[in-house]
Amino acid sequence: MLNLDELLQGVLESLETDVAPNVSDRKAKAQLYACLDLLGNLAVKVDWKAQILRDECDGIRSALTRAAQLIAAASPKRRVLSEVSAAIAALPSSDARQGSDETVDWFARRRRYAQVFEDLVRAVGDNSPGSEGAEPHGVYDELRECVHEHLVNQTIRDAFYLKPMRLSEMSKG
Amino acid sequence: MREALATFLASKMPQADDISVGAVTRHTEGFSLQTFSFDVSWREGSSAHQRRLVVRREPPAGLLEPYDLEPQFLALQAIADSPVRFPRVLWYEADPAVLSAPFYVMEWVAGEVPIPALDAHGRPPFPDEQQRLSVGRDFCRILADIHNVDARAADLEFLDMPRDARQAAQRAVDVWEGYTERARLGPMPMMTEALCWLRNNLPPEGDVCLVHGDYRTGNFIVRDDRIAAFLDWEMVHLGDPMEDLAWAMSKIWRGESPRAGYLLDPNDFTAWYQEAGGAKVDQDRLHFYEVLSGVKMASIMLTGVKAWHDGRTRDMRMAIFDQQVPGMYAAIAGSLGLIQL
Chain Y
78 MLNLDELLQG VLESLETDVA PNVSDRKAKA QLYACLDLLG NLAVKVDWKA QILRDECDGI
138 RSALTRAAQL IAAASPKRRV LSEVSAAIAA LPSSDARQGS DETVDWFARR RRYAQVFEDL
198 VRAVGDNSPG SEGAEPHGVY DELRECVHEH LVNQTIRDAF YLKPMRLSEM SKG
Chain X
180 MREALATFLA SKMPQADDIS VGAVTRHTEG FSLQTFSFDV SWREGSSAHQ RRLVVRREPP
240 AGLLEPYDLE PQFLALQAIA DSPVRFPRVL WYEADPAVLS APFYVMEWVA GEVPIPALDA
300 HGRPPFPDEQ QRLSVGRDFC RILADIHNVD ARAADLEFLD MPRDARQAAQ RAVDVWEGYT
360 ERARLGPMPM MTEALCWLRN NLPPEGDVCL VHGDYRTGNF IVRDDRIAAF LDWEMVHLGD
420 PMEDLAWAMS KIWRGESPRA GYLLDPNDFT AWYQEAGGAK VDQDRLHFYE VLSGVKMASI
480 MLTGVKAWHD GRTRDMRMAI FDQQVPGMYA AIAGSLGLIQ L
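First to last, the sequence lines map onto chains Y and X.
Taking the numbering used here, I'd label the letters of the first sequence as residues 78 to 250.
Taking the numbering used here, I'd label the letters of the second sequence as residues 180 to 520.
The reader is advised that the hints may include incorrect statements.
[As the list claims (entries may be wrong)] Each computed DSSO-like pair below joins lysine-lysine, with the alpha-carbon atoms no more than 30 Å apart:
| id | chain 1 | residue 1 | chain 2 | residue 2 |
| --- | --- | --- | --- | --- |
| 1 | X | 459 | Y | 249 |
| 2 | X | 459 | Y | 240 |
| 3 | Y | 126 | Y | 104 |
| 4 | Y | 106 | Y | 122 |
| 5 | Y | 249 | Y | 104 |
| 6 | X | 430 | X | 459 |
[As the list claims (entries may be wrong)] Residues from chain Y shown here face chain X by an in silico Cβ test under 7 Å; the list is partial:
| id | residue |
| --- | --- |
| 7 | 79 |
| 8 | 89 |
| 9 | 91 |
| 10 | 123 |
| 11 | 127 |
| 12 | 205 |
| 13 | 229 |
| 14 | 235 |
| 15 | 245 |
| 16 | 248 |
Source of the hints: derived by calculation from the structure; they are not laboratory data.
Since the model is a prediction, treat every value here as computed from it, not as a measurement.
No residue lacks a Cβ here, since even glycine has one placed at the ideal position from N, Cα and C.
Model the full structure from these sequences, guided by the hints.
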């Protein structure tokens, strides 16, 4: 996910340099400049909705907490899992009471959580039965289930916000 | 650009006098290579000639970077005598001084390029049933023709012939993992999950053939209810024929439609492809390449986002993938059986 300010600056630049010079209708051009004016002012005031980022953090945190419990209970030998456990323990709490939406950088926190979750995904995926050095330990099945559960939940969350891509218009112009 | 093209064509057509290049039209259908068409007229002795040509040029940055047009140009030259329908390529120019970036010139093929999405009015491509079936038949036949090219006889070994389908699959995973990692701007757990799955589920040995690599609705020209030419050979390589089938059938290219590429029921597609002389369809291999298709498309999108983020392109069509890539993660989750699409 890109920084919102970066995206909005790109929109402004494209409208200003690629679109505006090619709009000949005066009313359309007037509307375009009104949009540019409005977007320019909004760009410095808005950011991603904290609620969306916080929900994702909560989802990852919950999956990681479960994973840490499974790893602690089963004590598998692979060092990578103890490293993941340590990384989970070092994460800040996603509890909103730890800071208001204004004081917590949810964007950065989401990134940190997601990185530890990705490390867990890789540690579990690399231990698939039949793969080199695989540890025959039932905990991997439970960890895999835990990973899949979060991936599914996050996919559903993302799908809720996703608008259909305007491929046809973007292709045909 | 007109003047540069005229100078270039004069160097390639020594028999031609008074070469004149008409207005150059920029096409927007492709998100990757830049495409321009133009009319060129010239004299040869006392006779006057005119022809429409197309330039395909490397973009400064984009979805499939780093770009190298030469392998696809050579591959298309090598199969020029095959029954495969594609615009014949004429010249390749590697020197960026000529037209700002390497490019090749190919013949113009008239017709329409149907896009695999609903149009602005919510209409799907191929609304006419007769056209849909006719184009669908060609879609199967041309794919079988591509897969039946004798790669050794056509001197395609410069594309680095894999030992077998297992090695081809291994290479495909390496290639797309490479794209994914080069495009990394942050954590990508779904990609990691899919790549681990692919490495753990490589298909067994099997035959390899010429693979288009981007065989789908959106990459062919329709004229008179037939496919006049197949385009966009940027990902051509030697590999498993199931890679093209899985890509063509992927949910990525069909929206809510049950039909592969809005064209054919998946069972009809595989049956007609085999009837046309295509490879035997293997469901397990197909599943492997279905998962790879999601990974491939997501890494293409991520590559576009990275190029935009780095400031190497200001094309907003690259930036939109930042918001659209979760749709691809959903396709991957569906192919892995984690969710029902």
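Hints, one by one, checked against the model:
1. X/459 x Y/249: violated (36 Å)
2. X/459 x Y/240: Roughly 38 Å between the alpha carbons, so the hint for residue 459 of chain X and residue 240 of chain Y is violated.
3. Y/126 x Y/104: violated (33 Å)
4. Y/106 x Y/122: holds (25 Å)
5. Y/249 x Y/104: Holds - the C-alpha atoms of residue 104 of chain Y and residue 249 of chain Y are around 24 Å apart, at most 30 Å.
6. X/430 x X/459: Holds, at about 22 Å.
7. 79: Hint holds; residue 79 of chain Y Cβ to chain X Cβ min 5 Å, cut 7 Å.
8. 89: Hint on residue 89 of chain Y: violated, closest Cβ of chain X at ~11 Å, above 7 Å.
9. 91: This hint holds: residue 91 of chain Y lies near chain X, its Cβ roughly 5 Å from the closest one there, short of 7 Å.
10. 123: violated (15 Å)
11. 127: Since chain X brings no Cβ nearer than about 18 Å to residue 127 of chain Y, farther than 7 Å, the hint is violated.
12. 205: holds (4 Å)
13. 229: holds (5 Å)
14. 235: holds (4 Å)
15. 245: At about 5 Å, which falls below the 7 Å cut-off, the nearest Cβ of chain X leaves the hint on residue 245 of chain Y intact, so it holds.
16. 248: holds (5 Å)
When held up to the earlier numbered hints, the structure conflicts with 1, 2, 3, 8, 10, 11 and fits the remainder.
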